[in-house]
Amino acid sequence: MGEENFWKTSSILKDFSRWAGCQLQRVSVFLHSKPL
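Every letter in the sequence shown is one number past the one before it in this note's numbering, and letter 5, counting from 1, is 5.
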């Protein structure tokens, strides 16, 4: 039971970190393309 929960949580975390990485990349690209 607990192990199954662990795998579910870790897959959710993996998806979230991938999504967060994409967002960070987009933000940094946006900041770099903006003339200061």
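Among the hints, erroneous ones may be present.
To be verified - SDA-like cross-link-like pairs, simulated, lysine to any residue; straight-line CA separation at most 20 Å:
no., residue 1, residue 2
1, Lys34, Cys22
2, Lys14, His32
3, Lys8, Arg18
4, Lys34, Arg18
5, Lys14, Arg26
Claimed, not checked - Derived DEER-like restraints, expressed as beta-carbon distance ranges:
no., residue 1, residue 2, range
6, His32, Gly2, 27 to 35 Å
7, Val27, Gly2, 49 to 57 Å
8, Glu4, Pro35, 47 to 55 Å
9, Glu3, Ser33, 43 to 51 Å
10, Glu4, Leu24, 43 to 51 Å
11, Val29, Lys8, 43 to 51 Å
Rather than coming from a laboratory, the hints here were simulated on the basis of the structure.
Each residue gets a CB set at the ideal place from its N, CA and C atoms; glycine is no exception.
Here's how the hints hold up against the structure:
1. Lys34 x Cys22: With a Cα-Cα distance of about 19 Å, the restraint between Lys34 and Cys22 holds, given a limit of 20 Å.
2. Lys14 x His32: Answer violated: Lys14 to His32 is near 27 Å, above 20 Å.
3. Lys8 x Arg18: holds, 16 Å
4. Lys34 x Arg18: violated, 25 Å
5. Lys14 x Arg26: holds, 19 Å
6. His32 x Gly2: 27 to 35 Å: violated, 44 Å
7. Val27 x Gly2: 49 to 57 Å: Violated: the Cβ-Cβ distance is about 36 Å, outside 49 to 57 Å.
8. Glu4 x Pro35: 47 to 55 Å: With a Cβ separation near 51 Å, Glu4 and Pro35 satisfy 47 to 55 Å, so the hint holds.
9. Glu3 x Ser33: 43 to 51 Å: The hint (43 to 51 Å, Cβ to Cβ) holds, given that Glu3 and Ser33 are roughly 45 Å apart.
10. Glu4 x Leu24: 43 to 51 Å: 31 Å Cβ-Cβ, so the 43 to 51 Å window is violated.
11. Val29 x Lys8: 43 to 51 Å: Given a distance of about 32 Å, which is not inside 43 to 51 Å, the answer is violated.
The structure fails hints 2, 4, 6, 7, 10 and 11 (numbered hints given earlier, in ascending order).
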